[in-house]
Amino acid sequence: MSSQNGNGSKGISLGALARRPETGSLIGFIVVYIFFAVLGGPVFLGLPGWSSWLNIAAEVGIIALPVGLLMIAGEFDISVGSIVPAASMMTAMLGGHYDAPAIVAILAGLGVGLTIGLVNGLLVTRTTIPSLIVTIGVMFAVMGLTLGFAVLVKGSTSVSYVPDPLTKSLMGQFVKGFSVSIFWWLGLVAVFFYALHVSPWGNWIFAIGGDKESARNAGIPTSQMTIALFMASGFCAALVGVLQVMTYQQAQVAGGQAFIFNSIMCVVIGGVLLTGGAGSIIGILLGTMTFAVVNQGIFFAGLDPNIQFIITGALLLAAVLSNDRFRAMATSAAAKK
Amino acid sequence: MTMMKTLMIATTTALMATSAMAADIFVVGGKPDDPFWSRVKMGAEDAGKVAEAQGGSVTWLGPQNYDNLGPDAAELIRQAIDQGADAIVGPNWVPEAMDSAFEAVVAAGIPLVIYNAGGIEAADRLGALNYVGAVDYKSGYAGGEYLAKAGHTNGACVNTLPGAANIEAFCSGFNDGLAENGGTGSVLQLPATAFGDSTAVAQAVRAHLLQNPDITAMFAIGDQDSNATISGIQQAGKTGSVHVCGMNFNDSILANIKAGTQACAIDQQGYQQGFFAVSILNNHVMYGTTIPTREILTGPGVIDASNVDLVIAGVEAGAR
Amino acid sequence: MENFAVLLRRPAAASIVSLIGVLVFYVFAGVELDKLFGAASWVNYAARIGIVALPVGLLMISGEIDISIGAMIPAGAMTTAIISGHYDLPIVFGILGALAIGVLVGSINGILAVRTSVPPLIITLATLVAMQGVVLAGSRLLTGSASVPLNAPDWAKTIFGNLMFGGSHQVIIVWWVILAVIFWFFMHHTKYGNWIYAIGGDKESARNAGIPVNGMTILLYIMTATAASFVGMCHSILFNSAQVSGGMNDIFNIIVSVVVGGVLLTGGFGSVAGIFVGALTFAIVNKGIDFTAIDRNWSNLIIGIMLLLAVGMNEKFRKLALSHVSKKK
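Here the protein sequences come in this chain order: A, B and C.
Mapping the first sequence onto UniProt numbering, position 28 (from 1) lands on 28, and the numbers just tick up by one.
Mapping the second sequence onto UniProt numbering, position 108 (from 1) lands on 108, and the numbers just tick up by one.
Mapping the third sequence onto UniProt numbering, position 322 (from 1) lands on 322, and the numbers just tick up by one.
No lab work stands behind these hints, which were simulated from the structure alone.
Glycine included, each C-beta is placed from N, C-alpha and C at the ideal position.
Among the hints, erroneous ones may be present.
What the hints assert, rightly or not - Computed footprint of chain C on chain A, listed as stretches where at least three residues anywhere in the stretch have a Cβ under 8 Å from a Cβ of chain C:
| # | stretch |
| --- | --- |
| 1 | 123–133 |
| 2 | 137–146 |
| 3 | 305–316 |
Said to hold, decoys possible - Simulated pairs of lysine-lysine, BS3-like, Cα-Cα distance not exceeding 27 Å:
| # | chain 1 | residue 1 | chain 2 | residue 2 |
| --- | --- | --- | --- | --- |
| 4 | B | K238 | B | K258 |
| 5 | A | K154 | B | K238 |
| 6 | B | K49 | C | K35 |
| 7 | A | K168 | B | K258 |
| 8 | B | K149 | B | K238 |
| 9 | A | K154 | B | K31 |
| 10 | B | K31 | C | K35 |
| 11 | A | K154 | B | K149 |
| 12 | B | K238 | A | K168 |
Construct all of the structure, not just a fragment, from the sequences and the given hints.
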């Protein structure tokens, strides 16, 4: 993981580092990790411990990346909670029930996510309805469609699918306890890092989040950008659905709801606070890791599992409280320049 | 005595109902997207085909989610009364919250069958015609006994729905099944949001096993949880040394049993629960018949490598 | 005609049209209206979400949002059950405890909302999660169980948790109606209502006009959290028990019913009558499907589509109203 941190801080002076919101999330991660290391002991510190929380981090992290970008642009996507089961159901249905080739099943599953994302994006950009409400409506509709079609076609709410060995090894395998989804997650981190911090799209997203009107006036294709972001979140949620089918070899109609708020929490702990035009991929990455350590550490520490909610809540509050300070520091530094 | 009473109620309601000559039966159950409950629903609807041919109907009422299980189910029972049910089927998940609603059913002279949860005690207490279902405690006990007799005596029950009386009963049954066959059991409590989240369950199981290396037996309260538990065991590198029994099953669970990754599945035959509860009530309303056998048990049946092939055909029909 | 046009521009108009639309749809889907209106299930449900929707609606008119209500309903129920069920203290303490926890969490939300520049959705997400943990872990630590029985005395049951008319209508329906009247008076006949609209319209100019923006905002947050814990308290008394639960779905349901009731999520627009009708509409959408011959499997699809249609129509109505206002200027 250290290489990831290295990427983010490359070429940044110490003063700039202290001003970055990621610094807060890094400190949060270290504090939480040490806390659970003390309680969890050597098993938590060892490879099994790392793979344990990284496996959790990978799934929620894949969704947290686009959700974070959407939040930077000032939008929400609640529908991810229904896309995960919808995509896994589509994949299992085609691959398991109709015996389609794995690649067709996977592409269809991902296509479900892209389509729902497109619908979200169109509804958000073509109407004045806030994205929170649009995506709640779409979430209910997709949940209903998934259940209705699963029962109609298969007569059951769960469909099993045994993927061929190659597909399984690419999408549903464990390497020494580490899920391959971790590699997908890290790959996406690189893609999103490029999109937000290197390519021109990143500045557009920050601009849209800062002030949509002036962004549009500046010639930024705000509608297309917003639609693209919703499609990205649909795609990533669908990818998690597909990875789950390959891992657990069955798809369920229910489930996925936990991703809605969990992904937002990862993003917030990582320092993206929807205050318009602030946040970074490294922050989201750190936020996700912190969230996952709390989530898994609790079982190693032998504490009542519900205490994880209290710790997560405290972390969120800490992020909320420190936000203004970091923002003030960042803006004053920017003003000096 | 209660027998007599129910029979009397039965005859009077039957006489009242015959004039209508069609039974509108309301079935209160789990969410329709819950795999187990979708099979119960299918059983109820298949039995309902007879009712429909006679001009009656079967209506399924399920909660949107399990956040507010007891009150929501109690509400649905009262809703069935309001909708003019001729007969009602319902599970007694949370007695404190639901008993008064069931009492209202009986007080309104509507024939009632308790199914899935509560046992014959609940049916007797509430004045229901009968109980159809497994006994949750016995289901858990069967799992504990099976694993302990196979020599896996240190067990943990994975509870993903803390607070639901029937799930708590699975776990206490499992632990007693272990204890009375020379083992010890504990409960792995998951946070309340983990139900239905395979990754969360798998990782919790894995962490628990790594931290408690003596555990060799696990019990899962549902088929999805069984799959997740098996994955957790595999990720902990303990396939073959930790053995799983789980409630309910589907085609992937059967594949697990064939492949040897799962020791047994405890079958409570949800399809039968829905089918018999509705049939009993339909015949009762139409013809005044009763089933003198009280407590119609649909489980627990143990499915393991010895009988798994028989079960597969039923699964392909969506009924098992 | 002019009167009719004025009526159409009222914030409640769109929600009434949605309500009629839903009823028409269900009639075509085979609902017998007399059976629906005779049934208690949807009225009980409307009251449950409606009591919380009233203050949440005002909060949204003032431009804020509160999702911690999802945890506050079980928190209220659990507090009452632990104090008066597990520890056997008089029910008064249980009731006061539930309301106190509402005031406490509401104050935290409110103070954080006025002191920081963080969006309220994030602030209340933090308190939502924290309260979930406190309730879940607390009940386990204090009672050792995730389900706590409670036997309330008759007077408390009569006031907070009883069934009325010998049928299955819950007494919280009366509470809902009374609270709706109080909120209606507060919002539309006192200066505070105008303050809330002003805050939602433009916070800065409201502050410059001498409106105690911070005090008002904190008060509204206290009202939302307390209303939620009140509903939980009533439920635990009615159902003789409290179970731990996530409560995530109540968040969506309550926000959706407020929005269906014509409240603008970004603030400044909405009415108490609209919020009231919105809760009613949402309850009928949600529970009405049980009265049709449609397979329950499709219920979420219908809820989702109806929601989007209702909100879309609200937008149209609002544009109508706003364009009229701007023409007058």
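Q | Hints the structure fails to honour | A | Numbers 5 and 11, in rising order.
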